[in-house]
Amino acid sequence: MKRIKLWKMILLATLSLFVISACSGQGKEPASSQPQTETKEEGGTAAAPPDPLGKYPETVTVTEVMGFNPPEDPRTPKGITPEQNAYLKDLKEMLNIEVKYKWTVPSSQFSQKFSLALASGDLPDILELDGKNFEKLKKQGMLADLTEAYNDYASPTLKKYMESDGGFAMKTYSQDGKQLGIPAFEDPFLSTQLLWIRKDWLDNLKLEPPKTMDELEMVAKAFVQQDPDQNGKNDTYGLVLQKNLFFWGFDARGFFNGFGAYPSMGDGQTAWIQDGSGKLIPGLIQPEVKTALGKLQSWYKEGILDKEFALKDENKAVEDITAGKVGISYGEWWYPNWPLNLNVDKDPNANWIAIQIPGLDGPGKSLVPKIRGDKVYAVNKKMKNPEAAIKMINFYIEMGNKEYLNQNQAEKGYVYNWFSPRIYNPAQIETIYTEVNKALEANQTEITLDDENYKNVADVFKATKDYLAGDTSNASKGVNWGQYFSRAAKDGGWGLTRQIKEKQAFVNHEFYGLPTATQVEKGAQLDKLMQETFTKIIMGSSVDEFDKFVASWKSLGGDEITQEVNDWYSQQAVK
Amino acid sequence: MRTLKKEYLLHLMLLPGVIVTLIYAYGPMVGLVMAFQQFEPLSGFFHSEFVGFENFQYVFGLPDFKQVMWNTLVISVFKMVLHLLVPLILALLLNEVTRKWFSRFVQSAIFLPFFLSWTVLGGVIIELFSLSGPVNGLLTAFHLEPIMFMLDNDWFRGIIIGSDVWKGMGYNMIVMLAAIAGINANLYEAAEVDGAGKWKQMLHITLPGMAPIVILLAVLSLGGILNAGFEQILIMYNPTVYEGSDIIDTFVYRLGMFSQQFGPAAAVGLFKSVISLVLVSVTYYAAYKYNNYRIF
Numbered sequence: 001m002k003r004i005k006l007w008k009m010i011l012l013a014t015l016s017l018f019v020i021s022a023c024s025g026q027g028k029e030p031a032s033s034q035p036q037t038e039t040k041e042e043g044g045t046a047a048a049p050p051d052p053l054g055k056y057p058e059t060v061t062v063t064e065v066m067g068f069n070p071p072e073d074p075r076t077p078k079g080i081t082p083e084q085n086a087y088l089k090d091l092k093e094m095l096n097i098e099v100k101y102k103w104t105v106p107s108s109q110f111s112q113k114f115s116l117a118l119a120s121g122d123l124p125d126i127l128e129l130d131g132k133n134f135e136k137l138k139k140q141g142m143l144a145d146l147t148e149a150y151n152d153y154a155s156p157t158l159k160k161y162m163e164s165d166g167g168f169a170m171k172t173y174s175q176d177g178k179q180l181g182i183p184a185f186e187d188p189f190l191s192t193q194l195l196w197i198r199k200d201w202l203d204n205l206k207l208e209p210p211k212t213m214d215e216l217e218m219v220a221k222a223f224v225q226q227d228p229d230q231n232g233k234n235d236t237y238g239l240v241l242q243k244n245l246f247f248w249g250f251d252a253r254g255f256f257n258g259f260g261a262y263p264s265m266g267d268g269q270t271a272w273i274q275d276g277s278g279k280l281i282p283g284l285i286q287p288e289v290k291t292a293l294g295k296l297q298s299w300y301k302e303g304i305l306d307k308e309f310a311l312k313d314e315n316k317a318v319e320d321i322t323a324g325k326v327g328i329s330y331g332e333w334w335y336p337n338w339p340l341n342l343n344v345d346k347d348p349n350a351n352w353i354a355i356q357i358p359g360l361d362g363p364g365k366s367l368v369p370k371i372r373g374d375k376v377y378a379v380n381k382k383m384k385n386p387e388a389a390i391k392m393i394n395f396y397i398e399m400g401n402k403e404y405l406n407q408n409q410a411e412k413g414y415v416y417n418w419f420s421p422r423i424y425n426p427a428q429i430e431t432i433y434t435e436v437n438k439a440l441e442a443n444q445t446e447i448t449l450d451d452e453n454y455k456n457v458a459d460v461f462k463a464t465k466d467y468l469a470g471d472t473s474n475a476s477k478g479v480n481w482g483q484y485f486s487r488a489a490k491d492g493g494w495g496l497t498r499q500i501k502e503k504q505a506f507v508n509h510e511f512y513g514l515p516t517a518t519q520v521e522k523g524a525q526l527d528k529l530m531q532e533t534f535t536k537i538i539m540g541s542s543v544d545e546f547d548k549f550v551a552s553w554k555s556l557g558g559d560e561i562t563q564e565v566n567d568w569y570s571q572q573a574v575k
Numbered sequence: 001m002r003t004l005k006k007e008y009l010l011h012l013m014l015l016p017g018v019i020v021t022l023i024y025a026y027g028p029m030v031g032l033v034m035a036f037q038q039f040e041p042l043s044g045f046f047h048s049e050f051v052g053f054e055n056f057q058y059v060f061g062l063p064d065f066k067q068v069m070w071n072t073l074v075i076s077v078f079k080m081v082l083h084l085l086v087p088l089i090l091a092l093l094l095n096e097v098t099r100k101w102f103s104r105f106v107q108s109a110i111f112l113p114f115f116l117s118w119t120v121l122g123g124v125i126i127e128l129f130s131l132s133g134p135v136n137g138l139l140t141a142f143h144l145e146p147i148m149f150m151l152d153n154d155w156f157r158g159i160i161i162g163s164d165v166w167k168g169m170g171y172n173m174i175v176m177l178a179a180i181a182g183i184n185a186n187l188y189e190a191a192e193v194d195g196a197g198k199w200k201q202m203l204h205i206t207l208p209g210m211a212p213i214v215i216l217l218a219v220l221s222l223g224g225i226l227n228a229g230f231e232q233i234l235i236m237y238n239p240t241v242y243e244g245s246d247i248i249d250t251f252v253y254r255l256g257m258f259s260q261q262f263g264p265a266a267a268v269g270l271f272k273s274v275i276s277l278v279l280v281s282v283t284y285y286a287a288y289k290y291n292n293y294r295i296f
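Residue numbers (full-length UniProt numbering), protein chains in the order written: chain L, 1 to 575; chain F, 1 to 296.
Careful, some of the hints might be misleading.
[To be verified] What follows is a set of in silico ranges between Cβ atoms, one per label pair, in the way DEER data are often shown:
(1) Lys412(L) - Asn153(F): 50 to 58 Å
(2) Glu72(L) - Asp154(F): 42 to 50 Å
(3) Leu116(F) - Gly413(L): 35 to 43 Å
(4) Lys113(L) - Val77(F): 31 to 39 Å
(5) Ser108(L) - Leu128(F): 19 to 27 Å
By construction, these hints were calculated from the structure, which means they are not laboratory data.
Yeah, the Cβ is synthetic: ideal placement off N, Cα and C, and Gly gets one too.
In isolation and in its complexed conformation, chain L is listed as follows:
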């Protein structure tokens, strides 16, 4: 008997020990893993004046996390890993900064993995955040004040970029005079919706590019019924859509805009437009949306949309475009560079053009945000050398200069889309457009420009030259055409977007603040409600379901969000 008691006691003791160690382990984890992530050495530049590209005397280690896409350039060496990125090697040589990845995952899993890291408090030194996570970390006081680092270390080019919008974006990410993040923003007009349509199909059917919704409907019907690709098979449909109605591509934003309806900025962001009396209203619940849904419903019935669009993700949509099954898609300026180039390479007859989105009577107005880019770079408060982050941004911009061009090539292992923090020239595309056209008009054989934009401009110029000369020795016709028609052609992606900007044929999405409290809390809920209702209406439910949706949306948090957004608008927005 006694023995068993002793046994039990021992068991109990071990048990409680485990429980205790288990909880304390969880509590301590963030702290205990921190020392490794901290930098080894303090600035070391105390005496010397701050140099944006100054080399640290002793190696500074910074930690990052990464969600990576495959390298964009097909010439990149196979099997290269993020740690082998040649940018990192140069960074070490030039600045003596060493990047350590705490983890890397495919970008599709990033937000999930990052949520977990956030939950466990195990954060890297340099953080690439979206507005929502920025807000969260800011609230918890986890972000370092970058004011001094930025003022002392930002290169003149970086400062020029940040001031190019009048300091608008920078202000969004500061609080009480403290700069808490460096935003990666771009020209907002890059978001302009265009209509991409197959000109060769129009020609086959002897149709004109559509200017109004009615004309578009006629064209789309013809694309379904009259065998536009003339292969004798009934295998084409009109407008490509995927399951997310408001996304970053192959979605219905442009279609709704054509009806004067402005439901969303894409990616789950509801659009906020002016109501004419100085207030902001959610575009999502305006009556125009109902009209547009009704039209989509009739298009669905007539087979202009794929019967199973609600099952398709963006990859499936791209497959249809590549395979020549569909001839119309709404989207931004970059489509020629992907995925239209794939179609061009597959079908030599394919000829895509961009036109301003058709509206009810004449071309319609696209929705354009005040700031484009939801990405911001911030620094963990625990990092000892916050200026290292600024220096790394300087470094990335510097690498675009002409002197690095011979070295900085994809086939030598430079994968630009893996490097972080990465800030682009907000006017990058515009610079490319004007510089390439200038060089073309002057019949130059090389780009004379000599600043940090050199690489980008030179790459497009080369592709343009090759495309116009029919030279496919460097890259396929599709790849050259994609570069040319997205960035340089006067009637191409950016060319047309510029015209639309000049004509002022746009409506502004006015809200550019960080997600409000209710948006963070109820956003996913409301988004699900919207997806479910809209998809069902398109597939045949009564259009009046929309009225019910509006009522639920308001009562489930929409009214609160509207209030919060308007509070922000009256207090903080720069009008």
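Based on the hints, put chain F in the right spot on chain L.
Only chain F this time, still in chain L's reference frame:
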């Protein structure tokens, strides 16, 4: 006590298992305090604010919750019943197959899908049942209207349940076949002498002989009544069929992962565990009382 002394080595061998369970099953339970907190990740369990049952109120008050609960129950009850019935029938049938090679082949074929992951199978099933897929090809060949299986709430639920049963039936079938194999062969001989046919043998020998295993499987599966198959549904569903297939787990996933509302997500998790615990206890007790069957 004396046995304990004799068998202490065996108990020692048990220790690693106990330790692993403690660390990985009991340790994380500490995290359940999140369910009662306004959990802020970087403040951790110790510094987040306690809010009592607010998280539970919030979740149960969400308009979708009733629907989600109902979907979970419908899908998982169908799955549970079919996961017992189908393997049972299969095992009984296979038991009567006399050609060894044939029975082995069928066993392997049925067991195979069990090893495939939903990530792969989900895609295959979506293709199979799509408008241009083989199933609809068959329908059109018989001059029937094609059906959008994956976009129709009733069909979709059926496919979720059916494909899960198809994928998992091999496992229970093997367990049941093992149970059949364990039945004393003398009983069959005796029955034959008494003039019982195959049918009677099955009713009076095979089925009662299998009963403990079937009950065990039922009891074990009851614990998972609120698990309607997270991975499978997450991969296969789409907004059109949310109404009929959004289950507690997918709901919590969206809550926790996308809205980062860890508190409410933990509250739902705790709620699920409590329901499971109650159900397992009740069935266990019932099985003991009415069938005199105990697992431990």
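So, going through the hints one by one against the coordinates:
1. At roughly 54 Å, the beta-carbon separation of Lys412(L) and Asn153(F) lies within the given 50 to 58 Å, and the hint holds.
2. In this structure the hint that Glu72(L) and Asp154(F) lie 42 to 50 Å apart at CB holds, the actual value being about 44 Å.
3. Separated by about 37 Å at the C-beta atoms, Leu116(F) and Gly413(L) satisfy the suggested range of 35 to 43 Å.
4. In this structure, Lys113(L) and Val77(F) meet the distance hint of 31 to 39 Å, their C-beta atoms being roughly 34 Å apart.
5. With their beta carbons about 24 Å apart, Ser108(L) and Leu128(F) fall inside the hinted range of 19 to 27 Å.
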